[in-house]
Every structure is written in C-alpha cells, then in structure tokens.
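Let's have the full structure, built from the sequences with the hints guiding it.
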Amino acid sequence: MVKTVSPAVPCTLALPGHPAMATRVYGRKAAGGATPLVLHLHGGSFVTGGLDSGECVAQLLAEAGAVVVSLAYPLAPAHPFPQAVEAVHAALEQIYKQRTRLAGAGAGLFVAGEEAGGNLAAAVALMARDRAGPPLAGQVLIAPMLDPCNAMPSQRAAVGDRTECRWSIGWQAYLRSPRDAEHPYAVPAFVQRLAALPPALVLAGEDDPMRDEAMAYAARLAQAGVPVRTALIPSSGWPQALEQPPHPCPCAATTREHLQAFLHAPTPPPTTPS
Numbered sequence: 000m001v002k003t004v005s006p007a008v009p010c011t012l013a014l015p016g017h018p019a020m021a022t023r024v025y026g027r028k029a030a031g032g033a034t035p036l037v038l039h040l041h042g043g044s045f046v047t048g049g050l051d052s053g054e055c056v057a058q059l060l061a062e063a064g065a066v067v068v069s070l071a072y073p074l075a076p077a078h079p080f081p082q083a084v085e086a087v088h089a090a091l092e093q094i095y096k097q098r099t100r101l102a103g104a105g106a107g108l109f110v111a112g113e114e115a116g117g118n119l120a121a122a123v124a125l126m127a128r129d130r131a132g133p134p135l136a137g138q139v140l141i142a143p144m145l146d147p148c149n150a151m152p153s154q155r156a157a158v159g160d161r162t163e164c165r166w167s168i169g170w171q172a173y174l175r176s177p178r179d180a181e182h183p184y185a186v187p188a189f190v191q192r193l194a195a196l197p198p199a200l201v202l203a204g205e206d207d208p209m210r211d212e213a214m215a216y217a218a219r220l221a222q223a224g225v226p227v228r229t230a231l232i233p234s235s236g237w238p239q240a241l242e243q244p245p246h247p248c249p250c251a252a253t254t255r256e257h258l259q260a261f262l263h264a265p266t267p268p269p270t271t272p273s
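Going by numbering that gives the first Met the number 0, the first residue of the sequence shown is number 0, and it counts up by one from there.
To be clear, the hints were calculated from the coordinates, so they are not data collected in a lab. Just so you know, not all the hints are guaranteed correct.
[What the hints assert, rightly or not] Computed Cβ-Cβ distance ranges for the label pairs, DEER-style: (1) A33 x P152: 40 to 50 angstroms; (2) T99 x H182: 27 to 37 angstroms; (3) G132 x V8: 18 to 28 angstroms; (4) P226 x G16: 30 to 40 angstroms; (5) A223 x P6: 38 to 48 angstroms; (6) A194 x P6: 37 to 47 angstroms; (7) A195 x P265: 18 to 28 angstroms; (8) G236 x C148: 18 to 28 angstroms; (9) P226 x A131: 14 to 24 angstroms; (10) G31 x S176: 45 to 55 angstroms; (11) R178 x A29: 41 to 51 angstroms; (12) C164 x K96: 38 to 48 angstroms; (13) E92 x A30: 21 to 31 angstroms; (14) E205 x P177: 31 to 41 angstroms.
The C-beta atom is built at its ideal place from N, Cα and C for all residues, glycine as well.
Written as structure tokens, this is what we have:
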C-alpha cells in the first residue's frame, strides 16, 4: 500500500558557518509516535540538479513512511570539495537537533542520496562516525557515484570508448586536485576504514552504470561488519531515470518496498563513536 504524502513544504535551513540552504520537507510525523527522519541529497554529477530533480526519490522515501528533508546543497565547480560535504554534515547536525519537532521523539535519523547525492550520503556517514555525531540509524545509497576512475565494467559498458562522460566531467569539477581523490570524504570507494558505520541499503539498477561500484562498496561494508542490504532493480534506466519528472520513476513500487523495509526494520540504537 502506497502511503499518501502531503505536498512538499519549501523551507530554508539556517546553518552556522554556512550560507542558508533551500530545502523541501515531505511527509509528516506519525501521531503519538516517531517517524524515520531522512536527509535526502539529489543527484546531478556534483554540478547540476536540485530540489526539482530530487523530487522522485524524495517522494519515494516519504511514501515509504519517512519524513524527508531534501537539501539543495552547494554545487561544483563554484563549490568544489569539501564545501558540499561540509555543508551537508552541518545540515545533518541541524536536522538532528530538530528531530523531535520534525519526526517525533526518538526518531531515527537517516541520510539518503542518489548518484552524486549517494556519494555525499556515504561521505557524511563517515564524517558522522569520525566526528562522533550526529548518530545515524542508517544510510541509503541509490546508484551512488563513488569512484572517479570510471573504470568499472558496468560504467565502461555504458560509455564505451569515450574519454569523457557526465560523470567524469562532474568528478573533474568536484575535485580540486588529484590529491582530493585520496580523501575518504571525497571518494568513499577508496576508504580504508569502514567499521562502525550505520546500517546501509545499497540499491542499483541491473542496467545502471553505477552498478558495479555500488555493489563493490556494499561488499566492503559487509566485510567490515556493517549490516548491509542490497538489491539490483530490473531495467531501471538509473541514474538518469531518477532525475526525470514526473514521479513515479521506473520500478517505483520495487524501490519503495526496499526503502520501507529498511527504514522500518527493527534495529538497535545507533552507536555514537567514542
């Protein structure tokens, strides 16, 4: 059964030390209880996209039973690494402080993103662990853009022998120098320490250029002892299809089922690193 979602509410999120950022809030908290609270990050290869292009995934998260705060984070090349991920972490801290008002007392906090937003979601989960907060109940990575090498078989099959594609152009705009590619918050695919991260749901399409890097990251998370759920969505057309209005996106029902199972799974309280 699809949950009826109230219209998105446009808001502005004030952040200490960062410019205010536009947001849209989807869903509403349950009466007398807590609702999963999700910070959502749109795709766009770091250089394009916004609240409109992120509406498809934000709606699916809300239909899965979450209160969703979709964030218009700063884009490259005007705002290269680490500006976006630092702004996202600041937004996560502010949303955590407001979680009772937004989603009810004791609401679990999740971070979710598709494509470049999946990169930022994975990175901010690392930051939350390393900086001792805010505590996350989970991370949702949908066709995440994790590896600037663009060398995985699924991506090579998508771009053929071209030396440039939307993802390579995006990476070049996002990373200021080759040394940035060594930073774990810029390139989660290269992270050495993955233990003590929150549970993860990693979704990719069977025909998705990001499929192989997504599944490789999921396998590494599992090897590090992180609870992981994965799924390959048949014939999804991802990640481009996730950015195309109108809602729903292809395979919306299947995607929503995975989101609902993950967001509402019984889990122990998130661990705050010491």
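Results for each hint:
1. Take A33 and P152: their Cβ atoms lie about 42 angstroms apart, and the range 40 to 50 angstroms holds.
2. The hint said 27 to 37 angstroms for the Cβ distance between T99 and H182, and at roughly 34 angstroms that hint holds.
3. For G132 paired with V8, a C-beta distance near 26 angstroms keeps the hint of 18 to 28 angstroms intact.
4. As the Cβ distance of P226 to G16 is approximately 33 angstroms, the hint placing it in 30 to 40 angstroms holds.
5. At about 40 angstroms, the beta-carbon gap between A223 and P6 stays in the expected band of 38 to 48 angstroms.
6. A hinted range of 37 to 47 angstroms for the beta carbons of A194 and P6 is consistent with their spacing of about 41 angstroms.
7. Between A195 and P265, the C-beta spacing of about 20 angstroms keeps the proposed range 18 to 28 angstroms intact.
8. Between G236 and C148 the C-beta distance comes to about 23 angstroms, which sits within the given range of 18 to 28 angstroms.
9. Distance hint for P226 and A131: a CB-CB separation of about 20 angstroms, consistent with the stated range 14 to 24 angstroms.
10. For the pair G31 and S176, the supplied restraint of 45 to 55 angstroms holds, since their beta-carbon distance comes to about 52 angstroms.
11. The hinted window of 41 to 51 angstroms between R178 and A29 holds, with their beta carbons roughly 46 angstroms apart.
12. The given range of 38 to 48 angstroms is respected by C164 and K96, whose C-beta atoms sit roughly 39 angstroms from each other.
13. For the pair E92 and A30, the beta carbons lie near 27 angstroms from each other, so the given range of 21 to 31 angstroms is met.
14. For the pair E205 and P177, the supplied restraint of 31 to 41 angstroms holds, since their beta-carbon distance comes to about 33 angstroms.
In summary, the structure agrees with every hint in the numbered list given earlier.
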